[in-house]
Amino acid sequence: MPPVPEAPEDPITLSVFVVDLMSTEAIHDHGRAYALRGGQPPKAFGTIAVEACEAQHLSVDRNDHEGDNPPLHADVLGWPTEKSAQKLIALELASESKLHVA
Amino acid sequence: MSACLLSADRPFSYPRSRAVGREAKEIQHEEIGAEREILEAPGTGAAQRAGILAILQAMQEHGEHAQVTFESAQRAIDMLRGLLLISGELPGVSIDPDGEVSLEWYREPRRVFSVSVGANGELNYAGLFGGSRVHGVEIHTIEGEEIPSAIRAGIQRVYA
Chain A
525 MPPVPEAPED PITLSVFVVD LMSTEAIHDH GRAYALRGGQ PPKAFGTIAV EACEAQHLSV
585 DRNDHEGDNP PLHADVLGWP TEKSAQKLIA LELASESKLH VA
Chain B
196 MSACLLSADR PFSYPRSRAV GREAKEIQHE EIGAEREILE APGTGAAQRA GILAILQAMQ
256 EHGEHAQVTF ESAQRAIDML RGLLLISGEL PGVSIDPDGE VSLEWYREPR RVFSVSVGAN
316 GELNYAGLFG GSRVHGVEIH TIEGEEIPSA IRAGIQRVYA
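In order, the protein sequence lines correspond to chains A and B. Per this note's numbering, the first sequence starts with residue 525, numbered consecutively. Per this note's numbering, the second sequence starts with residue 196, numbered consecutively.
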């Protein structure tokens, strides 16, 4: 009997919105419309340049035309499988991002 | 078997009086102040209690979005005393998408250290110290066991 292959784990993605040329208020409005969690709107958002993701060997795939994805949606892809490496990249991205509180 | 439920709203408090009126309110206000002084006094484990409270609050706030593993939270609480002996600074607490409790020591964007406490005692850590970067995995399975040296060094580097 051939070995049963293990189901591959879902690749990790970071869900983001493309916000080029949008005002802070317009981004907040977009979040309130499309980024609810448990019915609650986001309290803040962070902005980061695509180049900062690419510097970490990640890619940004705009996919708002696919499935039920909301307008301006994109996924940040290419995360390593090792959790500690993921954490390191997350710290790098956080250090390059700017926080906007509602 | 025993169970303990801590309320994140008032985790260590004693029952309040049901008396009403201005005087009762003043007495209750004084009692709360006295209780807070006791809870927050140096050398009484106040930082540890605050850390436990932060973990409980993070579980409450993020529990809907990520399945917090009880074992991860229990291990993080068990480690708090040892972690606080390293720097005395209370870490920020959040819940990872995989349900692990994440503890973070932060001074500035490139002086930060983060540890995710796994249910099986696995500690995934990462840190930025100016231009230096570290990441790796350690194991901490026994309550009261010394904190692994890589974790200790990472926390100390944030405040060096």
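The hints are simulated quantities; they were obtained by calculation from the structure and are not laboratory data. Honestly, I wouldn't trust all of these hints.
Unchecked claim - SDA-like cross-link-like pairs, simulated, lysine to any residue; straight-line CA separation at most 25 Å:
no.: 1; chain 1: A; residue 1: K622; chain 2: A; residue 2: T537
no.: 2; chain 1: A; residue 1: K567; chain 2: A; residue 2: V584
no.: 3; chain 1: A; residue 1: K622; chain 2: B; residue 2: G240
no.: 4; chain 1: A; residue 1: K622; chain 2: A; residue 2: L538
no.: 5; chain 1: A; residue 1: K622; chain 2: B; residue 2: I247
no.: 6; chain 1: A; residue 1: K622; chain 2: B; residue 2: L280
no.: 7; chain 1: A; residue 1: K567; chain 2: B; residue 2: D293
Quantities reported herein were computed from a predicted structural model and do not represent experimental measurements.
Looking at the structure, which of the earlier hints fail to hold? 3, 5 and 6
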